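S.K.: Sequence:
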Amino acid sequence: MVLRRPHLLAYDFGLIALVLALLVLGLFNLRSALPDPGLLSRQLLALALGLGLAVGVQFLSRRLVFALAYPLYALSLLLLLLVLLFGREINGAKAWFVLGPLQFQPLELAKLGLLLALARLLDLEGRPIGRVWDYLLPGLLTLPVVALLLLQPDLGGSLVVLFGAFTVLLVRGLPWKHLLFGVLALALLVPTVVWPNLKPYQRERVLIVLDPYRDPLGQGFQVIQSTIAIGSGGLLGKGYGQGTQTQLGFVPFRHTDFVFAVWAEEWGFVGVVALLGLYALLVLRIFALALECPRLSDRLFLAGVGGMLGFQVLVNLGVALGVMPVTGLTLPLFSYGGSSLMATLLSLGLVLLVHRDRTEP
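Numbering (the numbering used here), first residue to last: 17 to 377.
Don't read these hints as lab results, they were simulated from the structure. It should be emphasised that the depicted structure is a prediction, and the values quoted were computed from it without experimental measurement. Just so you know, not all the hints are guaranteed correct.
[What the hints assert, rightly or not] Restricting the straight-line Cα-Cα distance to at most 20 Å, the calculated cross-link-like pairs of lysine to aspartate or glutamate (EDC-like) are:
hint : residue 1 : residue 2
1    : K215      : D227
2    : K215      : E105
3    : K193      : D150
4    : K254      : D231
[What the hints assert, rightly or not] With beta-carbon atoms standing in for the labels, derived distance ranges:
hint : residue 1 : residue 2 : range
5    : W211      : L186      : 23 to 33 Å
6    : L84       : G265      : 36 to 46 Å
7    : V225      : R79       : 42 to 52 Å
8    : Y151      : P212      : 20 to 30 Å
9    : T260      : L55       : 14 to 24 Å
10   : Y151      : A304      : 22 to 32 Å
11   : A203      : L115      : 35 to 45 Å
12   : V225      : G68       : 35 to 45 Å
13   : L264      : G334      : 34 to 44 Å
14   : L115      : F44       : 21 to 31 Å
Backbone N, C-alpha and C define an ideal beta-carbon position, used for all residues, glycine too.
Let the hints inform the model, and build the full structure from the sequences given.
M.R.: Encoded structure:
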């Protein structure tokens, strides 16, 4: 059957509880972080649509989802191409379709389409990855997405896609010799190929990590203010809505890229540990569900979702703490952004669906 009636007892309520907890805390934090209170209604609309998508896909079957993997991947490539032609440039990246009050970022659909396509492609039980040619087809699926993202330009999105593909390959079974060779090749290519071809503003973002005070009123301003806000939170924080650095507007993009700084300043070290604990439990729960799936394709897809989610959390926190270059990645389920929120909820809904149908023939 490709359509079915979902049964509540077939779902993992641990994962559902973790997602709902992060959503509630995220809305609570956004109410304090948003520069315009009117934006909260947009986020609530995106939340309602995202939850509707997550619930709606439960009436599908795992078989139908994987049957749509390649068409969804092809559609995402088409949208990534069209956004370069007809999209609107926001914050230096031409990555958005704008339809009235609604904004849509094709990257979010591309991440999901690529994970499903890779999981279906690499579903070869008992056949290890042993030859260079075994990387050809996964590479041909991944590189067009990365190339189109770099043209926007969206370096952060490209890194998330690459890490998701790497997670799928790692779970599929990478020989340690290949992994070591990849690390050595990366160490060689970064200073000789990647760094010389970075744009001046991208190089400056990397240098700012080493010394944010080289440009304290320019590129380094947001990182400096974010770290000040996080540090000023102390042990217990300044209280809800009482963060001076964030509430007085010293932290730019405090409701998107630097929403973590708002939470840390208002709730302190204790609140940060609690939030990181929830994210860690969420990612670990997704990987635990992957281990319960007998089919390789299911394990690959769930692991890819968990890997992408965890990587995006780490990068966002690293940027807020000033230990990673600014990439424009939001904090999943926490930052303001309709496309990101709806796509994340859809991905988690598919995780629940695939795990639910794991034992069906």
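S.K.: It remains to establish, for every hint, whether it holds in the given structure.
M.R.: A quick look at each hint next to the structure:
1. K215 - D227: Distance ~19 Å between K215 and D227 Cα, so the pair holds.
2. K215 - E105: 18 Å, holds
3. K193 - D150: 14 Å, holds
4. K254 - D231: 28 Å, violated
5. W211 - L186: 23 to 33 Å: Holds: the Cβ-Cβ distance is about 26 Å, inside 23 to 33 Å.
6. L84 - G265: 36 to 46 Å: 45 Å, holds
7. V225 - R79: 42 to 52 Å: This hint holds: roughly 46 Å between Cβ atoms.
8. Y151 - P212: 20 to 30 Å: 25 Å, holds
9. T260 - L55: 14 to 24 Å: Distance hint for T260, L55 holds at roughly 22 Å.
10. Y151 - A304: 22 to 32 Å: Roughly 28 Å apart at Cβ, these two residues keep to the hinted range, so it holds.
11. A203 - L115: 35 to 45 Å: Roughly 44 Å apart at Cβ, these two residues keep to the hinted range, so it holds.
12. V225 - G68: 35 to 45 Å: Cβ of V225 to Cβ of G68: about 40 Å, so the range 35 to 45 Å holds.
13. L264 - G334: 34 to 44 Å: 25 Å, violated
14. L115 - F44: 21 to 31 Å: 29 Å, holds
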